[in-house]
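Model the full assembly from the supplied sequences, consistent with the hints where possible.
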Amino acid sequence: MNLTSTRSALAGIAATTTAVAALTLGAVQATAAPASESRVSAAQEADTAQVPGWVLRGKYWQYGNCVLAGNEGVQRGHWDQFQCASGTLQWVLWTNR
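Read in order, the letters of the sequence shown are residues -21 to -1, 1 to 76 in mature numbering (1 follows the signal peptide of the UniProt record, and there is no 0).
There could be a bad hint or two in this list.
Unchecked claim - Label-pair ranges, simulated between beta-carbon atoms:
1) 31 / 68: 23 to 29 angstroms
2) 31 / 64: 24 to 30 angstroms
3) 38 / 60: 16 to 22 angstroms
4) 31 / 53: 14 to 20 angstroms
I should point out that these hints are in silico values taken from the structure, not numbers from a laboratory. Where is the CB? At the ideal position from N, CA and C, for every residue including glycine.
Printed below as a string of structure tokens:
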């Protein structure tokens, strides 16, 4: 094999490999995130935003302080129920009103 035919063969292999990779990536991207799921989640978010629910009242470094604030709000009649949820770094106080 001479140098010209070797270069032609390598160029053909590179072109074939590039085409196969592009087709494979296109197929993966097409199946990765169907559009119907994004429409459903957007509709669910719109419904959730319209429904009155839990209200974020504050964030506390310690669980005990979160519970204390929640109980004080119940005693004062600001809300009927509360919950302290674990957040990323802090405890989050959620109330029903």
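Hint by hint, here is what the structure shows:
| no. | hint | result |
| --- | --- | --- |
| 1 | 31 / 68: 23 to 29 angstroms | holds (28 angstroms) |
| 2 | 31 / 64: 24 to 30 angstroms | violated (18 angstroms) |
| 3 | 38 / 60: 16 to 22 angstroms | holds (18 angstroms) |
| 4 | 31 / 53: 14 to 20 angstroms | holds (19 angstroms) |
Hint 2 alone, counting from the list given before, is not met by this structure.
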